[in-house]
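Undergrad: For reference, the chains in residue letters:
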Amino acid sequence: MHAKPAPTAVIADDERLMREQIVGRLKEAWPELLIVGEAGNGREAVAMVQSLEPDIVFLDINMPELDGIKAAQALAGQAHVVFVTAYDEYAISAFDHGAIDYLLKPVEPERVALACRRLRERLQQKPDPMNDLLEQLAQRLGSGGLKPREYLRWVQASVGATIRMIPTSDILFFRAEDKYTRVQTEGFEALIRKPIKELIDALDPNEFWQIHRATVVRVDAVAQVSRNFRGNQLVHVKGREEKLEVSRSFSHLFKQM
Amino acid sequence: MNTDQPGPGAGNAAEHGTSPPSLQPSETRQALRDIRSAIVMLWWRFFDWLAVVPWKTLVLVSVLGLILAAILHYHKPFLLFIVASVIIKVVAGGKRRAELTASQATQRADTEQLERTVLEARMEALQAQIEPHFLFNTLASIDQLIQTDPPRASRMQQSLIRYLRSAMPQMRDGSRPSLGQQVNLSSAFLEIMAVRMEQRLEPIVNVPEGLKSAVFPSLMLQTLVENAVKHGLEPKAAGGRLEISAEIVDGQLAVHVLDNGVGFMPKTDDGVGLANIRERLKALYNGRAELIISVPPAGGTCATIKVPYEIAPAT
Numbered sequence: 118m119h120a121k122p123a124p125t126a127v128i129a130d131d132e133r134l135m136r137e138q139i140v141g142r143l144k145e146a147w148p149e150l151l152i153v154g155e156a157g158n159g160r161e162a163v164a165m166v167q168s169l170e171p172d173i174v175f176l177d178i179n180m181p182e183l184d185g186i187k188a189a190q191a192l193a194g195q196a197h198v199v200f201v202t203a204y205d206e207y208a209i210s211a212f213d214h215g216a217i218d219y220l221l222k223p224v225e226p227e228r229v230a231l232a233c234r235r236l237r238e239r240l241q242q243k244p245d246p247m248n249d250l251l252e253q254l255a256q257r258l259g260s261g262g263l264k265p266r267e268y269l270r271w272v273q274a275s276v277g278a279t280i281r282m283i284p285t286s287d288i289l290f291f292r293a294e295d296k297y298t299r300v301q302t303e304g305f306e307a308l309i310r311k312p313i314k315e316l317i318d319a320l321d322p323n324e325f326w327q328i329h330r331a332t333v334v335r336v337d338a339v340a341q342v343s344r345n346f347r348g349n350q351l352v353h354v355k356g357r358e359e360k361l362e363v364s365r366s367f368s369h370l371f372k373q374m
Numbered sequence: 246m247n248t249d250q251p252g253p254g255a256g257n258a259a260e261h262g263t264s265p266p267s268l269q270p271s272e273t274r275q276a277l278r279d280i281r282s283a284i285v286m287l288w289w290r291f292f293d294w295l296a297v298v299p300w301k302t303l304v305l306v307s308v309l310g311l312i313l314a315a316i317l318h319y320h321k322p323f324l325l326f327i328v329a330s331v332i333i334k335v336v337a338g339g340k341r342r343a344e345l346t347a348s349q350a351t352q353r354a355d356t357e358q359l360e361r362t363v364l365e366a367r368m369e370a371l372q373a374q375i376e377p378h379f380l381f382n383t384l385a386s387i388d389q390l391i392q393t394d395p396p397r398a399s400r401m402q403q404s405l406i407r408y409l410r411s412a413m414p415q416m417r418d419g420s421r422p423s424l425g426q427q428v429n430l431s432s433a434f435l436e437i438m439a440v441r442m443e444q445r446l447e448p449i450v451n452v453p454e455g456l457k458s459a460v461f462p463s464l465m466l467q468t469l470v471e472n473a474v475k476h477g478l479e480p481k482a483a484g485g486r487l488e489i490s491a492e493i494v495d496g497q498l499a500v501h502v503l504d505n506g507v508g509f510m511p512k513t514d515d516g517v518g519l520a521n522i523r524e525r526l527k528a529l530y531n532g533r534a535e536l537i538i539s540v541p542p543a544g545g546t547c548a549t550i551k552v553p554y555e556i557a558p559a560t
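Line by line, the protein sequences are chains A and B.
The first sequence begins at 118 in the numbering used here and counts up by one.
The second sequence begins at 246 in the numbering used here and counts up by one.
These are calculated hints, taken from the structure and not from any lab test.
As the structure is a prediction and not an experimental result, all values here were calculated from the model.
Check each hint, because a few of them may be wrong.
Unchecked claim - Calculated lysine to aspartate or glutamate pairs in the EDC-like style (CA-CA distance at most 20 angstroms, straight line):
id, chain 1, residue 1, chain 2, residue 2
1, A, Lys144, B, Glu524
2, B, Lys527, B, Glu555
3, B, Lys475, A, Glu303
4, B, Lys527, A, Glu303
5, A, Lys296, A, Asp318
6, B, Lys551, B, Glu369
7, B, Lys481, B, Glu443
8, B, Lys475, B, Glu376
9, B, Lys527, B, Glu376
10, A, Lys121, A, Glu149
11, B, Lys475, B, Glu454
12, B, Lys481, B, Glu535
13, A, Lys355, B, Glu360
14, B, Lys551, B, Glu535
15, B, Lys551, A, Asp287
16, B, Lys527, A, Glu267
17, B, Lys481, A, Glu155
18, A, Lys311, A, Glu267
19, B, Lys551, A, Glu303
20, B, Lys457, B, Glu555
21, B, Lys527, A, Asp287
22, B, Lys551, B, Glu360
23, A, Lys372, A, Asp337
24, A, Lys355, A, Asp295
25, A, Lys144, B, Asp388
26, B, Lys475, A, Glu182
27, B, Lys481, A, Glu182
28, A, Lys360, A, Asp295
Excised from the complex, chain A in its bound form (with noise of 0.2 angstroms):
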């Protein structure tokens, strides 16, 4: 009977110095485990473990391109995972039944060894994709499917020669005008070429309304609507004179309690 070839390892970590510590560690606790690559982001990851076909995979939780648990979905399976991280702020530890195993950094040398120890049981076994898990880890990271919209909380617009970033809490309105769309705060007005159609969608419904098909505004900028003489409502803005016409399809916005 001959002997059974060496386990493999690959280790990813976006630091260097980590790499190295973890390397070292592993070699006092599991002299035998071989490391054979060390990615420095999650695609790197993924793509070494493919080629290189480890029996584990230490993978650590916040790396560039592709975080560690996206990189450990897109695996499924092909390699026994350990993550590492800092700082357990996402409670793998909650999932700590041997399923998944984690280590914090700095690593210590008895929980290497204990790390060590189930995955030598674990190697046993085929590597489990654990897609339940995963997806429940992710969704904690704010890295999963079921996430709420996200809307514009910022827009890009030129600004005499410069392109700046508005945060949409300083902006009181925004007016189609000729090709181009008026984004207008308290201090200045710039434009962007996104019509108000494309950008309403984007926009979150609580903190924008529609007022016409030209007129957007901030709920919150809109100090009070009065009527005109042919009885359209207009909205006043917070600190400006200009008026903002409601056509009738918006005016039950402003219907009486």
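Given chain A's structure and the hints, the job is docking chain B onto it.
TA: Then chain B, alone, in the frame of chain A:
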């Protein structure tokens, strides 16, 4: 001490035999002074009451007092007292009332100022929160360097101490922060991050020596620098450059943090730190300061804080 020869009119003290007789006259004087100050205080309290009390109440109190005085047969002096009160109220009441209103207004203004200061302190404390990820990753790096490169570990630990000293609000003295202090704090942070990120971070600090004495609010520069590293450079596999610079533009001090990272995401709601800076600038400078986020032609992000240029008092 001589106690068997009591002084004249000091029976009580002599019986107890505790106070020397030579102190008797001064004690009497003290008691008289106390009574006098109590009367003066009572008089002014009555005067203040008289100044602000409505006429209706004064009439009611007078009538009730007069009835009581009549029962006790003291109505004549009391009538005189009422007439005197009315004259005082007519002659001096208006001035006194104005004085009282003014002092109340000052008190209210002081309270508002205090509330603003408390709000600013609270927002500053919010901004001073040290990211656990940063702290634990840095400690883990130091742990590794202790084994492989002890002198470097020591330098990194010194940078961490320098950073913590100026980043924790309770560890700073009460003086107004200068741009120099804020640049030092961010330099310590960048030294640490450069050791950890190696060639992925190229920090440049380009602040003229002459501007370092300018007043600049605490922790705002640091928030911009941390944002540039966290949202601009760390997500980029190749990393990039981060430059802190300062200049005077139209009499205002402009401090820029420029990076060539992945660029600003219009949907990021991580504007908490930035929103905090905006609020603090409003509270501290009342519209004379601003935070501008712009996109440089070469990509990445440029964040600028403009505040009125002011030299920090020497400490």
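Undergrad: Now tell me if each hint is right for this structure.
TA: Against the structure, the hints:
1. Distance restraint check for Lys144 of chain A and Glu524 of chain B: the Cα-Cα separation of roughly 52 angstroms exceeds the 20 angstroms cut-off, and the hinted pair is therefore not satisfied.
2. A threshold of 20 angstroms between alpha carbons decides the hint, and for Lys527 of chain B with Glu555 of chain B the separation of about 17 angstroms falls inside it, so the pair holds.
3. Taking the CA atoms of Lys475 of chain B and Glu303 of chain A, the gap is near 30 angstroms; set against the 20 angstroms cutoff, the hint is violated.
4. About 14 angstroms separates the Cα atoms of Lys527 of chain B and Glu303 of chain A, which keeps this hinted pair within 20 angstroms; it holds.
5. Note on Lys296 of chain A and Asp318 of chain A: the hinted pairing holds, with a Cα-Cα distance of about 19 angstroms set against a maximum of 20 angstroms.
6. At most 20 angstroms may separate the alpha-carbon atoms for a hinted pair to count; Lys551 of chain B and Glu369 of chain B meet this at roughly 18 angstroms.
7. The straight-line distance between the Cα atoms of Lys481 of chain B and Glu443 of chain B is roughly 14 angstroms, inside the 20 angstroms bound, and the hint therefore holds.
8. As the CA atoms of Lys475 of chain B and Glu376 of chain B are separated by approximately 11 angstroms, the hinted pair is consistent with the 20 angstroms bound.
9. For the hint pairing Lys527 of chain B with Glu376 of chain B, the CA-to-CA distance comes to about 25 angstroms; that exceeds 20 angstroms, so the pair is violated.
10. Taken as a hint, the Lys121 of chain A and Glu149 of chain A pair is honoured in the structure, with Cα atoms around 11 angstroms apart against an allowance of 20 angstroms.
11. A threshold of 20 angstroms between alpha carbons decides the hint, and for Lys475 of chain B with Glu454 of chain B the separation of about 28 angstroms lies outside it, so the pair is violated.
12. As the CA atoms of Lys481 of chain B and Glu535 of chain B are separated by approximately 29 angstroms, the hinted pair breaks the 20 angstroms bound.
13. Pair hint Lys355 of chain A plus Glu360 of chain B does not hold up; C-alpha atoms about 25 angstroms apart against a cutoff of 20 angstroms.
14. Our distance criterion of 20 angstroms between C-alpha atoms is met by Lys551 of chain B and Glu535 of chain B, whose separation comes to about 5 angstroms.
15. Under the criterion of a C-alpha separation no larger than 20 angstroms, the hint pairing Lys551 of chain B with Asp287 of chain A is consistent with the structure, at around 17 angstroms.
16. Proposed proximity of Lys527 of chain B and Glu267 of chain A is contradicted: the alpha carbons are some 28 angstroms apart, above 20 angstroms.
17. Distance restraint check for Lys481 of chain B and Glu155 of chain A: the Cα-Cα separation of roughly 18 angstroms lies within the 20 angstroms cut-off, and the hinted pair is therefore satisfied.
18. With a C-alpha separation of about 18 angstroms, the suggested pairing of Lys311 of chain A with Glu267 of chain A holds against the 20 angstroms cut-off.
19. Taken as a hint, the Lys551 of chain B and Glu303 of chain A pair is honoured in the structure, with Cα atoms around 17 angstroms apart against an allowance of 20 angstroms.
20. For the hint linking Lys457 of chain B to Glu555 of chain B, the alpha-carbon distance of about 11 angstroms falls within 20 angstroms, and the restraint holds.
21. A hinted pair counts as satisfied when its Cα atoms are at most 20 angstroms apart, and Lys527 of chain B with Asp287 of chain A qualifies at roughly 13 angstroms.
22. With a C-alpha separation of about 25 angstroms, the suggested pair Lys551 of chain B and Glu360 of chain B falls outside the 20 angstroms cut-off, and the hint is violated.
23. Under the criterion of a C-alpha separation no larger than 20 angstroms, the hint pairing Lys372 of chain A with Asp337 of chain A is consistent with the structure, at around 17 angstroms.
24. Taking the CA atoms of Lys355 of chain A and Asp295 of chain A, the gap is near 25 angstroms; set against the 20 angstroms cutoff, the hint is violated.
25. Using a Cα cut-off of 20 angstroms, the hinted pair Lys144 of chain A and Asp388 of chain B holds, with the two alpha carbons roughly 17 angstroms apart.
26. Restraint check: the Cα-Cα separation between Lys475 of chain B and Glu182 of chain A comes to about 13 angstroms, which is no more than 20 angstroms; the hinted pair holds.
27. Between Lys481 of chain B and Glu182 of chain A the alpha-carbon distance is near 7 angstroms, which keeps this suggested pair within the 20 angstroms criterion.
28. Distance restraint check for Lys360 of chain A and Asp295 of chain A: the Cα-Cα separation of roughly 19 angstroms lies within the 20 angstroms cut-off, and the hinted pair is therefore satisfied.
Comparing the model with each numbered hint stated earlier shows that hints 1, 3, 9, 11, 12, 13, 16, 22 and 24 do not hold.
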